[in-house]
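Work out the full structure, taking the sequences as your base and the hints as a guide.
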Amino acid sequence: MLLNGTETDVLIIGAGVVGSALARELSRYQLRVLLVEKEVDVAFGTSKANSGIVHSGIHDHPGTLKAKLCVEGNRLYPQMAEELNVLYKQNGTLVVARDASECEMLGQLVNQGLLNGVSGVQVLGREELHRLEPNLNPDLAGGLLVPSGGIVIPFDLVYALVENAVANGVQLAVSTEVRQIRWEGGQFIVETNRGMVKTKYIVNAAGLGAAKVAGMIGDESFTIYARKGEEYLLDRRLEGYIQRTVFPLPTPESKGILIIPTVEGNIMLGPTAHRVDSFHDFSTSAAGWDEIFRFTQRLVPGLQASDVITSFSGLRAAGDTGDFIIRPSELNTHFIHVAGIESPGLTAAPAIARYVVELLEDAGLRMTAKRFFNPYRLVVRIRDLSLEDRDRLAVKCPAYANIVCRCEMVSEGEIRDAVRRGATTLDGVKLRTRSGMGRCQGGFCSPMVMRILMEELGLKPEEVTKNGPDSPLLFGNLRDNPSCPEKD
Amino acid sequence: MKEQAIDIAVIGGGPAGLAAAIAAAKAGVERIVIFDRQAELGGILNQCIHNGFGLRYFKEELTGPEYAARFIAQLAEYPQIEVKLETMVVELTADKQLITTSRRDGWNLYQAKAVILAMGCRERPRGAINIPGTRPAGVYTAGTMQRLMNIEGFRPGNRAVILGSGDIGLIMARRLTLEGIQVAAVLELLPYSCGLNRNVVQCLEDFDIPLYLSHTVVEICGEGRVTGVKAAPVGSDRRPILERSFMIDCDTLVLSVGLIPENELSREAGVQMEPSTGGPRIDTGCRTSVPGIFACGNVAHVHDLVDDVSEESRIAGIAAAAYVLGEESIANGQKRVKVVPGRNIRSVTPQEIVAGEPSALYIRVAFPERDVVVTAGSHRSKHRIVTPGETVRIVLRPEDIDFNAGVLPVAVEGGEVNA
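The listed protein sequences correspond, in order, to chains A and B.
Residues are numbered in the working numbering as their position in the first sequence, beginning at 1, plus a constant of 1203.
Residues are numbered in the working numbering as their position in the second sequence, beginning at 1, plus a constant of 189.
Treat the hints with caution; some may be incorrect.
[What the hints assert, rightly or not] Dumping the calculated DSS-like pairs for lysine-lysine here, alpha-carbon to alpha-carbon at most 25 Å:
{"id": "1", "chain 1": "A", "residue 1": "LYS1292", "chain 2": "A", "residue 2": "LYS1458"}
{"id": "2", "chain 1": "B", "residue 1": "LYS273", "chain 2": "B", "residue 2": "LYS302"}
{"id": "3", "chain 1": "A", "residue 1": "LYS1415", "chain 2": "A", "residue 2": "LYS1401"}
{"id": "4", "chain 1": "B", "residue 1": "LYS524", "chain 2": "A", "residue 2": "LYS1599"}
{"id": "5", "chain 1": "B", "residue 1": "LYS285", "chain 2": "B", "residue 2": "LYS302"}
{"id": "6", "chain 1": "B", "residue 1": "LYS273", "chain 2": "A", "residue 2": "LYS1599"}
[As the list claims (entries may be wrong)] Sample of chain A residues lacking proximity to chain B, with all beta carbon distances greater than 10 Å (derived):
{"id": "7", "residue": "GLU1242"}
{"id": "8", "residue": "GLN1282"}
{"id": "9", "residue": "GLN1315"}
{"id": "10", "residue": "ALA1476"}
{"id": "11", "residue": "LEU1681"}
Calculated directly from the structure, the hints in this document are not laboratory data.
Bear in mind the structure is a predicted one, so any value in this text is a computation, not a measurement.
For each residue, glycine too, the CB sits at the ideal point set by N, CA and C.
Structure representation (structure tokens):
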């Protein structure tokens, strides 16, 4: 897709959760919006490896943007999840204390929460804590329950936001990297690998690349560094073993290593938090696992290493101010930074989107609401349907009755939908459908998903990739001219 | 969507399901349905295009598809067996109610009098052994690799390292070599191969493929596609010695790191599991803890030879038929003994012996030994070598078992440890 000469009102650079939430928010107004992403698919950067926690807001320092937008974002989640048909659950957050001195620190958190506007926080004694979560270490001395804490599937949310934004008129361009930006005659001229774009406003939501993008207009007011987090996913056999997200007491560096029940019934352990030099280092390490396992064993001794089904790591795009960097550039008010969006960025995203709309309006962009905005996204998930509904659907479209991924029960119909919704790679299908995310990790379904990708997109075997052009899965056919006749 | 009543539901149309269904039909059961996810019967045999199957059962050497064809051909004689292909059983209850789905028939309910679990096994993935490193394309389990090559006709790599020297890993080493995909190394965590000795010779030695015993992969490298793996020797505690690690350049890592019986449905139905095998606890009639639910083949325990699967499954089919036809009372009245694993025993299947039933025991040892005696009740048999990679199959005579004792101790004795 060539963009040559595309003219827009707002160019959003980066289709992670922040850029996507903003794209959807802007699609409510009569504006031309272009969302560009340098990866082959949206959500393929930091958002893909997010822990998926919808934070309550008790952890953030009062008066910061983090605190304000986290609490606001948390309140926006239930309606947004409902409209977008996103997997979200308010499972509650527990902060646990190991001894009496830690119990005292819980009080400080409660007060911080109150200042931030977090209500309903309950202080729990030892017995209450273990009544709620019987599999927690019996030695834990007490804890806090924050009912508004929740969980969401982060990439599912990004896909939903983008699909809904596109349905409401936003233009999306993946595999599109911004290379140069100049201000000329009251607008930006943006050079990308796919041609030039003219735009009146730019929102820099480039995550790890945000400082580099800022540098393109000469703005060097902040730096971004990568803080790696490793996560380990456990078998769904353990569904319900821990129901609420369990936090230790926070340290100055991070919220700590957590036990996270996912909406899909897995338990996830992590993340670590270590600064790394490379923006491409997505490796996991034996040391990372040791750190996580040793720590989580103290909170939930019954978890076993043998239940790990997969691991991954992500890089947080951390800023150098300790807070989100959301403001117009000092060099050009038409250029808005949304940078340094580390935790609680996922939670804050819908509130960040609203806040940025205000900043754009302040900068002179006229916001006229569309007469028709469709807030809903529909998606078929066989797993969530009743038997009767599944059968009714199968009559209309038999592909929904053909199960391709048996671990997660994903049908051929859902996989074809995913490709039509924008997936072009094996990982793109996996993140949209969960096919290959279960306990066999794609052993059975991946050859079938590869076939569907070839069929739907007209790809040759060597063009099927895991997550982009550098990750081919196959090197063509074993033989150029198959000697065996096709079976009848 | 209406409920259909059937006599026996056979879940899985691989070697186990086929042999069980045929045996049940021969015994006089009227309405048997085999459900299979794939488009063809035969299960994993269809992608096992190498030979070596059937030496015991048919006394000749067949390929996997040929072995399966022998059973599939027999189905024509048994119209009482219905085959539902591209059909997945998604739910099974202890009352033997099944929910199935397929492109052709949509979602359906079946009520069976008996169920034979014959789902086979699946491979352990990368995550299950937690290999550190990046997440590039080019990490495949051996079975996925086998499917991509033998069924789909793709070339999944150019230069591979294989982790695990079980039979599948060994066979894939030869298969890759024959297709011009270089095998840089086969790595094995243990100080010995876990495959059949004949496979070590025919698949590695004949092709000069290096086998690194007591080695493992400590890191996967490469951003988009695998560019190499870091290998390291392991100490006697099986922990890698990182300072002696070395890189092996490759674009593909093939994992052959174990099989897990596929028992999600069994667990749903409340069948009692046996931790040492990963399968349901079964007796000599392949009966599970839930009356009317039977288990055979790799769903019960991972077999070395398909011939043993066929034999065991035939017994399951006969026992399921007896249950359906109301002859089960004969077995119910019989005395039983529980197998008690002793020295150097990792697992014994079946876990319970019923008096009057043929008693073949499949024994997996915990560590290799030379010149041992395997004892089971008053059975004694000498074995020149036992290894965890090769099951020891012994057949007990009724007089070997003291049915009044309630238990049958099984052990390996008198060996030289780690010989």
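Status of the hints after comparison with the structure:
1. In summary, the hint linking LYS1292 of chain A to LYS1458 of chain A is supported, as the alpha carbons are separated by about 20 Å, within the 25 Å threshold.
2. Distance restraint check for LYS273 of chain B and LYS302 of chain B: the Cα-Cα separation of roughly 18 Å lies within the 25 Å cut-off, and the hinted pair is therefore satisfied.
3. At most 25 Å may separate the alpha-carbon atoms for a hinted pair to count; LYS1415 of chain A and LYS1401 of chain A meet this at roughly 20 Å.
4. Distance check on the hinted pair: LYS524 of chain B and LYS1599 of chain A sit about 55 Å apart at the alpha-carbon level, beyond 25 Å; violated.
5. For the hint pairing LYS285 of chain B with LYS302 of chain B, the CA-to-CA distance comes to about 7 Å; that is within 25 Å, so the pair holds.
6. Restraint check: the Cα-Cα separation between LYS273 of chain B and LYS1599 of chain A comes to about 21 Å, which is no more than 25 Å; the hinted pair holds.
7. Listed as a non-interface residue, GLU1242 of chain A keeps its Cβ farther than 10 Å from every Cβ of chain B; the least gap is roughly 12 Å.
8. Remark: the non-interface label on GLN1282 of chain A is consistent with the geometry, its nearest Cβ contact in chain B lying 33 Å away (cut-off 10 Å).
9. Distance check for GLN1315 of chain A against chain B: the nearest CB is about 37 Å away, which clears 10 Å, and the non-interface claim stands.
10. At the 10 Å boundary, the C-beta of ALA1476 of chain A stays outside the reach of chain B, the nearest C-beta of that chain being 18 Å off.
11. Listed as a non-interface residue, LEU1681 of chain A fails to keep its Cβ farther than 10 Å from every Cβ of chain B; the least gap is roughly 5 Å.
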